[in-house]
Amino acid sequence: MPLAWRNLIANKQRLLRSAAGIGFAVLLMLMQLGFEQAFFDSALVVIRGLDGDLLIQSVHKYQFATRNPFPGTNLDIARKVPGVADARPLYADWFDFFWKNPTDGKVFLVRAFGFDPDEPVFLFADVNANREKLKEPGTVLVDRQARRFLGMNGGASETEINGMKVKIVGGFALGPDFVSDGTVMMSDRTFVSLLRGSAPGVDLGVVKVRPGDDPAAIQQALRKALPDTMAVFTKPELIEFERKFQAAISSAGPIFAMGTVVGFVVGMLISYQITYTDVADQLPQYATLKAIGYRTGYLLRVVLEQAALNALAGWVPAVLVSILLYRVIGKVALLPLHMTAKIVFVSLGLTLGMCLISAAIAVRRVATADPAEVF
Amino acid sequence: MIGLFHFRPTVPLAWRILTDDKRRTGLALVGIFMAILLVFVELGFFYAVPRGGLLLYDNMRFDLLLASNEYEYQAQPGAFPLSQLERVRSSTDVAEATPIYFGFTKWKSGEGDLWPDIFVIGFDPANHIFIPDSINRQSAVLERADTVLVDSATRPMFGPLDTGRIVEIGDRKVTIGGQYVLGTGFMGLGVALASTANFARLFPQRGSAIANLGAIRLKAGVDPDRAAGDLQKLAGSGTRIFTRQELDAHETAYWTTRTSVGIIFGSGLLISLVVGIMIVYQIVSTQVGRQLSQFATLKAIGYPDRSLAGTVSAMSLLIVIAGFVPALAAAWGLYSLIRQETLLPVTMSELRVLAVFAAALAMAVVSALLSVGALRRADPADVF
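As given, the protein sequences belong to chains A and B, one line each in that order.
The numbering of the first sequence is the working numbering, which starts it at 1 and goes up by one.
The numbering of the second sequence is the working numbering, which starts it at 1 and goes up by one.
Keep in mind the hints are simulated off the structure, nothing from the lab.
Quick reminder that beta carbons are idealized off the backbone N, C-alpha and C, glycines included.
Here are a few chain A residues that face chain B, going by a calculated C-beta distance under 10 Å:
hint : residue
1    : Arg17
2    : Ala25
3    : Leu28
4    : Ala38
5    : Ser42
6    : Arg67
7    : Phe95
8    : Phe98
9    : Lys106
10   : Arg147
11   : Val262
12   : Gly263
13   : Val265
Across the chosen pairs, the derived CB separations fall in these ranges:
hint : chain 1 : residue 1 : chain 2 : residue 2 : range
14   : A       : Asn153    : B       : Ser134    : 40 to 50 Å
15   : A       : Asp281    : B       : Glu246    : 56 to 66 Å
16   : B       : Ser208    : A       : Asp51     : 42 to 52 Å
17   : A       : Glu136    : B       : Lys219    : 54 to 64 Å
18   : B       : Ser208    : A       : Asp96     : 16 to 26 Å
19   : B       : Gly229    : A       : Lys342    : 50 to 60 Å
20   : B       : Ile321    : A       : Asn153    : 41 to 51 Å
21   : A       : Glu240    : B       : Glu86     : 44 to 54 Å
22   : A       : Arg327    : B       : Lys219    : 50 to 60 Å
For the chain B half of the interface with chain A, some residues (derived, Cβ under 7 Å), not all of them:
hint : residue
23   : Pro116
24   : Asp117
25   : Ile271
When you get a sec, could you build the whole thing from the sequences and use the hints?
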């Protein structure tokens, strides 16, 4: 270990150059990994924000961001099932609410959620704090973190949705995802009045189980009580259902994977060049060590250790820079970019992997170093 | 005279320096190759998204497109009354003006009882508005009542797409008359084509009186830009007319600035450019560093800095150009692979090749000039 370390710090300028080279390749991978996670996270943020143990939806609903309304009578059935503390309706729409930017009058599609102000369904504190104000008909809460071209961030107090006047009575912080640019929240009555032409109906039933009761058992009971057209999920199950859909259906998965592969290959090449140059430069020293009697195996280990240290020298600053970049890009692009343990470990594994593999390939030189040739 | 003498050996000298240590130069070439390939790949991804957004338009025949002035992008085109398109048709510049209808509805015959959303495009099959042969060959099929063609790239979630299968779309039972090859792009997970009459049956609340787009074909010799202005006045308020270029620019701007994808791929592109510059600089400065004693000797003999700078620049340009050609070839192959694996329309264009080549040359020259700074400081006395 000491030899590898001493080799590393012997030439500071060289260390800086190799750390920078590997660091940028790692940065490329970290960006891809971060974006991939933000993609999935943004799709799941609302589901995670539902205040329920069990969720009821149409059996035909294939992803969260689509309307499959069902009759509210199903919630009455649910409430009668023993063990159910409450079953509250959530009205939701992604493609029929057109919001007018109060500043420039331009019209954009927004996501809309409606619920009974006396029966909140979300865990979001800022939404719940304002729900009393939604009792007045024609009032909405707006997403202050929506894409800026929607103009939800200004101080406007009224605008139009679907050509009808609405009053803006408060805001919350949610952010866009890959389907919707922004969200409005309103009471169930306002929702139905603004939704023109489409059949009204509840999209999701948010069920709370009596404290102490097993959600899985209540889930079974609900399945028996409800018609075949209804499906019952636990909250983790619904999250998994959505995650599977996003992973399988969107092209996002392969795109991010390819971006990570590109970073990996670039890193391998940079690392190969570094190792090759280092070894070639120090060939006389290695040959001498061999001549004195050091075994080839020991020298190979030294080279690999040095490669690992180079990897870390690039990885650590890359992670630190990524944390900063995640914050900046996350704010600008309104994406939930966060450094997580998973990203840290995956990137570390990939970095060490790419440096060790390329070093192992470059190290053939050391193995064949003939002391006599060098002198 | 002396100036001439000093410039002549520049390139041959650079060449001999590079070919002297083939292994090191080879390694340098590999580095340049990777740097340029990386830039090509990231550029490919970055422009693939708007290209995917333009998939439908790229496969349609029109010179101008009439749309509502609330047109956002292809999936949110707004709508306008058919009468406005009819006014446009009356112009002597216009050979054809045909309405296009867009609608989303539930496909109630999906796998596992799921009802995915299907994107339906309504049009008059006789007008041969679409380019793919697979569509035009089946015009007669489209004219049959309650029959649609389904895009072959429609996801498996929709169930089998066999000809003759009866499916429920919206509130209607519809027969799959056949498949066509175009691609779903970002229109959705499944796309179907229907004649105007069938579209109206699927979307009875709309009927055919409200269109989403008007595809306008001009008579031969008519200037699209001039005609766009005239037809705009004819069509009336609430609409706008796009030329092909305007449409391309509009959709590209939407995808790169309004969605997250622009930021995501843009940041990848930016990083790849930085990595590319770093690699080129590192390689060039290494090459110069290895030759430091030789260059110092030349300086001592009396070669002017300018001539040495010329040699370094020549070395830099030679390496970069030599690395560019295989990188371009590899990028071409990689693009094809990416198209297959991710269904993203990653395509090469002459503009891109020229732009990357110019950028590579610029990087070469800048790296050379920076390395030359080290040369200038090389004191012959220090070296010996």
